[in-house]
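Asks: Sequence:
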Amino acid sequence: MVTDPDYGNCYTYNFNAKSIVKRAGTIYGLRLIAFSNVSEYLATSSKSGMRIVVHKQEFSPFPNTIGINAAVGTYVNLNVQYNQISRLAKPYGDCHPENQVANYIYPGYYT
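Numbering-wise (numbering that gives the first Met the number 0), the sequence shown opens with residue 0 and increments by one.
Hints were generated in silico from the structure; no laboratory data involved.
The beta-carbon is built from N, C-alpha and C at its ideal position, and this holds for glycine as well.
You may find that some hints are simply not true.
Estimated spans, in silico, between C-beta atoms of each pair [unchecked claim]:
#, residue 1, residue 2, range
1, T25, G48, 16 to 24 Å
2, G72, I19, 27 to 35 Å
3, R86, Y40, 15 to 23 Å
4, V75, Y40, 16 to 24 Å
5, K55, P4, 31 to 39 Å
6, P4, V75, 46 to 54 Å
7, N36, I65, 36 to 44 Å
8, P4, E57, 52 to 60 Å
9, K55, L87, 32 to 40 Å
Straight-line alpha carbon distances no greater than 30 Å define the calculated DSS-like cross-link-like pairs of lysine-lysine that follow [claimed, not checked]:
#, residue 1, residue 2
10, K21, K46
11, K89, K55
12, K17, K55
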């Protein structure tokens, strides 16, 4: 669990596991029922609901920059499609290999 200053507690599912969905459709994916106790929100909160962020296991979630809002009392169906892009190195392009790209994201987790 990670605590975000704007969104509160952030839970990551399938954190250390290697569970893979092999079939498409709502019956094969992750299904959640989440309860948002609005009475426990901070007085400074101007919104109620949840923020859903889909990210790779090795990355920390950044709900302030990417994610989908789920309002209280609503049903959200989220479909995810993975696209992998392979870029050719010189002489075909001006891309840097992945091992030469600077890491701008903090590699650890906040405690």
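Asks: Holds or violated: K89 with K55, Cα cutoff 30 Å?
Replies: holds (28 Å)
Asks: In this structure, is the beta-carbon distance linking G72 and I19 contained in 27 to 35 Å?
Replies: Holds, since G72 and I19 (Cβ atoms, about 32 Å apart) stay within the stated range.
Asks: If I claimed the Cβ atoms of P4 and V75 lie 46 to 54 Å apart, would that claim hold in this structure?
Replies: For P4 and V75 the Cβ distance comes to about 24 Å; the hint is violated.
Asks: That 36 to 44 Å hint for N36 and I65 (C-beta), does it hold up?
Replies: At roughly 25 Å between Cβ atoms, I65 and N36 fall outside 36 to 44 Å, so the hint is violated.
Asks: That 15 to 23 Å hint for R86 and Y40 (C-beta), does it hold up?
Replies: Check failed, 44 Å falls outside 15 to 23 Å.
Asks: Given the proposed pairing of K21 with K46, does the C-alpha separation stay at or below 30 Å?
Replies: violated (36 Å)
Asks: Can you confirm whether the C-alpha distance between K17 and K55 stays at or below 30 Å?
Replies: This hinted pair holds, its Cα atoms lying about 11 Å apart.
Asks: Lying within 16 to 24 Å: is that true of the beta-carbon distance V75 to Y40?
Replies: holds (19 Å)
Asks: Using the beta carbons of K55 and P4, state whether their distance is inside 31 to 39 Å or not.
Replies: violated (23 Å)
Asks: In this structure, is the beta-carbon distance linking T25 and G48 contained in 16 to 24 Å?
Replies: Holds, since T25 and G48 (Cβ atoms, about 21 Å apart) stay within the stated range.
Asks: Confirm or reject the claim that K55 and L87 have a C-beta distance inside 32 to 40 Å.
Replies: violated (23 Å)
Asks: Falls inside 52 to 60 Å, the C-beta gap from P4 to E57?
Replies: Given range 52 to 60 Å: violated, Cβ gap about 23 Å.
Hint compliance for this structure: hints 3, 5, 6, 7, 8, 9 and 10 are not met, and every other hint is.
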